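2 protein chains.
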Amino acid sequence: MHFVAALDDNPDLRAVLCLFEGVATGAADGFARMSGRPAATLLHLGPGLGNGLANLHNARRASSPVLNVVGDHATWHAALDSPLSSNIQTVAANVSPGFVRYGHRVEAIGLDAVEAIDAAYGPPGSVATLILPADVSWDEGGLPGPVSAGHLPSRVEPDRIASIAALLKTSERPALLVGGSACSRPALEAAAAICAGSGARLICETFPPRLSRGVGLPRPERLAYFSEYALTQLEGITDLVLVDAEPPVAFFAYPDKKSELVPEGCTVHVLAMGSDDVRGALDALVAELGAEGSVDRPKKAPDSNLPRGALTAESVMQAVGVLLPEDAIVSDESVTAGQYAFHYTRHSAPHEYLTLTGGAIGQGLPLAVGAAVACPERRVIALEADGSAMYTPQAWWTMARENLDITTIILNNGAYAVLGMELQRVGADSDGIKARELLNIGQPDLDFVSIASGMGVESRSANDAEEFVAHLRWSLSTRGPTVVEARIPAVL
Amino acid sequence: MHFVAALDDNPDLRAVLCLFEGVATGAADGFARMSGRPAATLLHLGPGLGNGLANLHNARRASSPVLNVVGDHATWHAALDSPLSSNIQTVAANVSPGFVRYGHRVEAIGLDAVEAIDAAYGPPGSVATLILPADVSWDEGGLPGPVSAGHLPSRVEPDRIASIAALLKTSERPALLVGGSACSRPALEAAAAICAGSGARLICETFPPRLSRGVGLPRPERLAYFSEYALTQLEGITDLVLVDAEPPVAFFAYPDKKSELVPEGCTVHVLAMGSDDVRGALDALVAELGAEGSVDRPKKAPDSNLPRGALTAESVMQAVGVLLPEDAIVSDESVTAGQYAFHYTRHSAPHEYLTLTGGAIGQGLPLAVGAAVACPERRVIALEADGSAMYTPQAWWTMARENLDITTIILNNGAYAVLGMELQRVGADSDGIKARELLNIGQPDLDFVSIASGMGVESRSANDAEEFVAHLRWSLSTRGPTVVEARIPAVL
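Heads up: the protein sequence lines correspond to chains A and B, in order. For the first sequence, my numbering assigns the number 277 to the initial residue and increments by one for each residue that follows. For the second sequence, my numbering assigns the number 277 to the initial residue and increments by one for each residue that follows.
Hints are computed from structural coordinates only; laboratory data are not their basis. Each hint should be verified, as a subset may be incorrect.
Given that identical chains are not distinguished, each listed pair holds provided it fits within a single copy or across any two copies.
To be verified - Listed next, the in silico SDA-like pairs over lysine to any residue satisfying Cα-Cα at most 20 Å (straight line):
1) 534 to 357
2) 533 to 352
3) 534 to 355
4) 533 to 523
5) 710 to 720
Nothing here was measured: the structure is a model prediction, and the numbers come from that model.
Please put together the full structure from these sequences, using the hints given.
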């Protein structure tokens, strides 16, 4: 409460109200991915942190700098085990393994805050949690924290640069696997130059936090989501050089399938990790290889064929690919339609592509909120599935309240299609009625025009491709948030 | 996935699909409060458990038996730290302090399940969490667990009964504080007899999980929510006898206010705890005191004055009090309007009143789902505030899917009124614009008719008392779920 009251003392602090903590934490992640700076969430004790946990999990996987301020009971009240009390530290440890602090002394809270912000910045960025007892907020005697210079990234030793350069020259079939901060435009340009200059393949991780792409930009292969495809994709690589990426592993385990994806006989090397100066290491490697100016630039012009006729996940994404505005930010949580989304936007105008880093659904709409707050001059496109949209639909209200330029596209197929796929893949597929019904979210029908309108966001629904294209044009030319629902065939 | 597929192998298992884990966990709590039996939730790794945490917190505070089954990666996949991996145990420890098990062996998983269910049953009931790795589900070699007789409650020793009886006879100003299972009708009848026979006051805790009440039933005083009122209420009590209740403490701490509410000079005694045979102890005490037949029965007939004119929180609850059907189940999450709800239903037809045991909002609608699943023959009334309804609105979809007889009443005042009150109470009240705006959820306006209709629930909105009464009559006479929104004045 005192934290809330103090917001008006600092004109530089912007307060964005969310109706559910999962929206706040996802928005903080989106803000971090687009600005590189931490936003603070303000959460209410253990249950508030719990409500925000799923999107903090995604933020942790994205190495996004986020500062959680978790309001807690007064220090002297905690031992009484009153109804809202719980063990906040245990929950925080799940998403803030590196920094959880209980700020129990008013004299130290300024320093605690500075250290929490430093921890959030990293590098690598991380989720830092500061538990703030009520009496520490309201007691007198607080001191401002010291001005911190933060932590600098580690410089990658010239020896390592030289040895990777030598390796790339001699390796039979080398590849660079880029992730994290190595997926920004300048880092990708350097990585592409390295690959052009050395014959290495350029691969990006399956779920990069933020990938710069579109016409004229380097186009790394994306590591396949399904492990069997990824294994085929990586087959024959003799040396895999990691650039702010982890050794590739399967997203889920399957019976009798491998989870570790590094091919046999392939050696894994590390150019730079998240705590390193990733960009600097890539630039140094370009220089070491003399690969400046060797960038491979795709020349293909954007597609201009708009879809017609039946509306499907594919035709929706085809239209998105054609109409995507320059400098757009795409928040992709279209789940099973994601393959089409990624494919059809490959030649679109240059844009940033934000993915579901931690696999915890309910990210897409909140992430769009944060990205739009960070970049008010850019159009944000949230690609949503019906099931994932229903995790954090409250985000629409914040979009309306802040009048954010966000186009939400919902693919409504009335199903948890991804679960149908996974049921099959783990060999649990059956004709059982109860199991099948648990994948059917079209009974009753979710009417997203009605739901989003109820939160103040103007919304339209499309049943065929022409209608969808018209609605999408309308949405992209409308200031503030809008929703376009695409009613596509059920897949069950 | 294999758990889902196996549902069809057991015709006794009913699967209820929820669009968000917080709905599932709250529904499990509601089912437990009304049936006394655990429902199982099926949650997806750490983020799924996180999404369900707030309502599990409430369930823990209610001592509701709940079994969480948290699906996890295959045991051999866990070490790879793939995107959805996280430390599930830490999160589970927050709500399942008594039982978290990682079921890592297929031969033992049957026994694990039985022990988890036993732990959930208690007594006291609790939240038990069984983490179920994918390979333990799909591997062959599972064995059914043993048939368990469960744990019996402890019998309270006759010596304790005799000493409490002696105390009640000699104490100057004794009181019974009942909570938990002591708030069921038969337990309350016994407690009321004890009080009538001994001159003790009968007080119930502020947030009992389930309180039987209405015309003809014992009517304990409810311990006040605000600590200063509670202190006044308890003043002068010389002996406080706890019956499945904790020594009273303030919900929140405030500057310069006491958090411990037991008056000075008052001795606290325990008749029975949650692990004891509470009902048996009360009956034994009735017998020891010879207090059979001494029950104080309020004779007041139900109110019949329906409100007219302006619609306010008070007039809404006045109408609810008059029209509440016999045997209704009230799920109260009306927050600042709760004082009116409790007051105006005191003479209503006999009903069960479910409260926000842990203070984590987002409980009301999910709890109603679970209560309606447990008691299909009874009408469930969810009393909701606008802010709390927006935590778990997905519950409406499950109400529609299962065609549950639930009347949701939303008090839409466009504000987090409770926060305005708390800001003032902690002395943080200010004229700051940013702080004030964080309490204003009426900009944009939340249109609950539109939101709930979008999930398949027929809904109506009322602007004056006559309209509200008409809509409430319509709702109560309609099978399946309906929503009545009451638009009441903003309080900011």
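Tested hints:
1. Taking the shortest alpha-carbon separations for residue 534 and residue 357, only the inter-copy value of 14 Å comes in at or below 20 Å, while the best intra-copy value is 47 Å.
2. Taking the shortest alpha-carbon separations for residue 533 and residue 352, only the inter-copy value of 11 Å comes in at or below 20 Å, while the best intra-copy value is 53 Å.
3. Within a single copy, residue 534 and residue 355 get their C-alpha atoms only as close as 48 Å, which misses the 20 Å cut-off; across copies the closest is 13 Å, which meets it.
4. In the homo-oligomer, the alpha carbons of residue 533 and residue 523 lie at most 20 Å apart inside one protomer (17 Å), although the nearest pairing across protomers, at 56 Å, exceeds that limit.
5. In this assembly of identical chains, residue 710 and residue 720 lie within 20 Å of each other by CA distance solely inside one copy; the values are 16 Å within and 40 Å between copies.
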